[in-house]
Structure formats: C-alpha cells, structure tokens
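Going by UniProt numbering, 179 is the number at position 179 of the sequence shown; the sequence numbering is gapless.
Be a bit skeptical, because a hint or two may be false.
Unchecked claim - When the alpha-carbon atoms are kept at most 20 angstroms apart in a straight line, the in silico SDA-like pairs for lysine to any residue are as follows:
{"no.": "1", "residue 1": "Lys46", "residue 2": "Glu14"}
{"no.": "2", "residue 1": "Lys277", "residue 2": "Val107"}
{"no.": "3", "residue 1": "Lys182", "residue 2": "Pro259"}
{"no.": "4", "residue 1": "Lys46", "residue 2": "Arg23"}
{"no.": "5", "residue 1": "Lys260", "residue 2": "Ala162"}
{"no.": "6", "residue 1": "Lys109", "residue 2": "Thr281"}
{"no.": "7", "residue 1": "Lys182", "residue 2": "Gln216"}
Claimed, not checked - Ranges of calculated distance between the beta carbons of each label pair, as one might list FRET restraints:
{"no.": "8", "residue 1": "Gly113", "residue 2": "Thr181", "range": "39 to 47 angstroms"}
{"no.": "9", "residue 1": "Arg23", "residue 2": "Arg278", "range": "49 to 57 angstroms"}
{"no.": "10", "residue 1": "Phe115", "residue 2": "Gln63", "range": "44 to 52 angstroms"}
{"no.": "11", "residue 1": "Ala78", "residue 2": "Ser54", "range": "30 to 38 angstroms"}
{"no.": "12", "residue 1": "Met124", "residue 2": "Ala78", "range": "20 to 28 angstroms"}
{"no.": "13", "residue 1": "Glu284", "residue 2": "His137", "range": "19 to 27 angstroms"}
{"no.": "14", "residue 1": "Arg119", "residue 2": "Pro248", "range": "28 to 36 angstroms"}
{"no.": "15", "residue 1": "Glu215", "residue 2": "Arg157", "range": "25 to 33 angstroms"}
{"no.": "16", "residue 1": "Gly132", "residue 2": "Thr3", "range": "48 to 56 angstroms"}
{"no.": "17", "residue 1": "Leu65", "residue 2": "Thr244", "range": "48 to 56 angstroms"}
{"no.": "18", "residue 1": "Thr244", "residue 2": "Glu215", "range": "31 to 39 angstroms"}
{"no.": "19", "residue 1": "Gly132", "residue 2": "Ala78", "range": "29 to 37 angstroms"}
Read the hints as simulated data drawn from the structure, not as lab findings. By construction, the Cβ of each residue, glycine as well, lies at the ideal position given by its N, Cα and C atoms.
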Amino acid sequence: MNTVQLKCFVTVAEHLNFSKASRVLKITQPAVSHQIQTLEEELEVKLFNRTSKSVSLTQEGIQFLADARLILRTAFSAKERLGKQEHFIPLELGCHNYMEMNLLPPVLKKLTGEFPLLRPSIQMVPFPALFGLVENHQLHAALGVGDAQKKTPLYYRELYLAPTVCICSEEHPMAKCRSLTKEDLKGNFIVCSPSQISDSVFTIQSSVLVNLPPEQRFLTESIESALTLVKAQIGYTLYPDLPTSREPGLCYIPVTDLPKVSFGVYWRQDQDHPAIKRFLTLMEESIPKGS
1 MNTVQLKCFV TVAEHLNFSK ASRVLKITQP AVSHQIQTLE EELEVKLFNR
51 TSKSVSLTQE GIQFLADARL ILRTAFSAKE RLGKQEHFIP LELGCHNYME
101 MNLLPPVLKK LTGEFPLLRP SIQMVPFPAL FGLVENHQLH AALGVGDAQK
151 KTPLYYRELY LAPTVCICSE EHPMAKCRSL TKEDLKGNFI VCSPSQISDS
201 VFTIQSSVLV NLPPEQRFLT ESIESALTLV KAQIGYTLYP DLPTSREPGL
251 CYIPVTDLPK VSFGVYWRQD QDHPAIKRFL TLMEESIPKG S
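Please model the complete structure; the sequences and the hints are all you need to start from.
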C-alpha cells in the first residue's frame, strides 16, 4: 500500500468517476484503474462497484475511505514537519535522575531564547549507560559526577564541588543539627543501588553502611526511591548536595568529614554543536556562587 494508490482511491471515491479522477490527478485513466486494482488485490476486498454507467463504493470501500484519508493526512503532516525541521538544531542531553534534571529548566529557557531554532531533548538514563551514549554520538552532553578513576575520552567541566549531605525529614532527630560527622549519623540508613549512582557516591554511602547492623540498612533502586523513603520518615540518606534542586520539606545537613563530590558536564572532544559552549557557560552560571 502506498500514497499513490490511496490518492487514486480517495479521488475516485470523491468523484465516483474514473475519468474525472484521472483529470484531477493528471494521470491516465488506465493508470488510475491499475492503482485501484492493485490496492484491491493487496487488501483482498472490492472497493468499488463498477458498471458501464456508474461507479459506487462497496461497503468495504466506505469503511476504508476514512482510513485512507487519515493515512494520507498523516503522511502529508510528517513530510511537512520533516521539511520544516531541516534548519532546526537538536540538542540531546542526558542526566541520571530528577535532581539533575531540575537544574536544566532555567538554563534551557535562556538557551532557547538565544537559539530560537534549538530543539532540546532530555533523556534520563541509568548511570553506567549514560556516558556511553555521549561517546557514541547519541547525546551531545550529559550531567554527572566527575570520576577521576574512570577512563573516558570525554571532556569534563566541573560545575560545582558538592558537599556530601545527610538528607532527612524535618521530623528526624538529626534535623536540628547544623552540621554532622559520620559518628553523629544515627538510625536507619537508605542506600542507593550501585547500578544507579556513581562509584564515588556509592563509596561514600558504603563507608557508613558497613558499620551499621542489618536492621538499619535499607537498599533502594534510585535516589528518587531513597528520597521517597526519607519523606516517609523511614530513615536518612547521603548524597551530594545540589542546592538548586533540593526537595522541599527535607533537611540537607553537611557531613563535614565526608568528601566533597565533583559535579559537572561531560561532552565529546569532537563536539562542534553551535550551542554547546553557551550551554556549558549557562550551566556554570546556574549554580549560585558561594553554594
């Protein structure tokens, strides 16, 4: 089935006359008849009742007419849409979780104002796969934790050196503290799966986890799941603090003897995207000074 067949069918159905249809389509009448015949053979139904004096739609033809018009409209719309997008600038971005994704709206607002043809798209991808997508040209850039031990051909620009914080509910006993040490951490500890966070963050969480009894250990799939349990007052978690993406109603308390974590943007060394440098600059400006 192709659009030529469908155009012939719809035109004949509208005029109920093969001669008029051939004039509208600007092809010969035998060509119109051939297209209708091949369409009927493909659908295995008869679409028209033909006599020497009249042409009428069969019941199957009446049913198929709406489908044929819809297919033609869809094909035309797709062609128009693709044709208009030839000058658009795609910007494929990646991040690991909603905390990172929440950093993007103000940056993309400014960026699309400066580049009206920019068409950003954001993928949220598990940690191990994200940088591979950048390396394989499927993403232009990705947000993530810097890992000096990870060998990668990608460029990395640090945006922020994030302190490790204890995230707990406002009702948690530790919520009254302005700062904490590892020895001050008390109660149930919620840990993220190592497949969903960076090695450096999991190393920090593991340094606390190993000293806890089994009944105080809670393992979740992602930081979003961990924060849900924190909101449920089941326990606390540890994570690098990104001030502009904090969850309302939760307390973020610095743990002074846990290491800070580098957070930034990865992109390819051969990246020649017209907006990528401006994107990096806006990302740097989006982190409040003195955070």
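Going through the hints against the structure:
With a C-alpha separation of about 17 angstroms, the suggested pairing of Lys46 with Glu14 holds against the 20 angstroms cut-off. For the hint pairing Lys277 with Val107, the CA-to-CA distance comes to about 12 angstroms; that is within 20 angstroms, so the pair holds. For the given pair, Lys182 sits about 11 angstroms from Pro259 by alpha-carbon distance, which is consistent with the 20 angstroms threshold. The hinted pair formed by Lys46 and Arg23 fails the criterion: a straight-line CA distance of about 23 angstroms is larger than 20 angstroms.
Simply put, Lys260 and Ala162 have alpha-carbon atoms about 5 angstroms apart, close enough for the 20 angstroms limit, and the pair holds. Distance check on the hinted pair: Lys109 and Thr281 sit about 14 angstroms apart at the alpha-carbon level, within 20 angstroms; holds. At most 20 angstroms may separate the alpha-carbon atoms for a hinted pair to count; Lys182 and Gln216 meet this at roughly 15 angstroms. Between Gly113 and Thr181 the beta carbons are some 45 angstroms apart, a value that agrees with the proposed interval 39 to 47 angstroms.
Between Arg23 and Arg278 the C-beta distance comes to about 55 angstroms, which sits within the given range of 49 to 57 angstroms. At about 47 angstroms, the CB distance of Phe115 to Gln63 agrees with the hint of 44 to 52 angstroms. A beta carbon spacing of about 36 angstroms between Ala78 and Ser54 agrees with the range 30 to 38 angstroms that was offered as a hint. Take Met124 and Ala78: their Cβ atoms lie about 27 angstroms apart, and the range 20 to 28 angstroms holds.
With their beta carbons about 24 angstroms apart, Glu284 and His137 fall inside the hinted range of 19 to 27 angstroms. Distance hint check: the CB atoms of Arg119 and Pro248 are about 31 angstroms apart, consistent with the given range 28 to 36 angstroms. Under the hint 25 to 33 angstroms, the C-beta atoms of Glu215 and Arg157, about 42 angstroms apart, miss the expected range. About 39 angstroms separates the C-beta atoms of Gly132 and Thr3, a value inconsistent with the hinted range of 48 to 56 angstroms.
Our hint of 48 to 56 angstroms for Leu65 and Thr244 holds, since their Cβ atoms are close to 55 angstroms apart. Checked against the given bound of 31 to 39 angstroms, the beta carbons of Thr244 and Glu215, roughly 36 angstroms apart, stay inside it. About 30 angstroms separates the C-beta atoms of Gly132 and Ala78, a value consistent with the hinted range of 29 to 37 angstroms.
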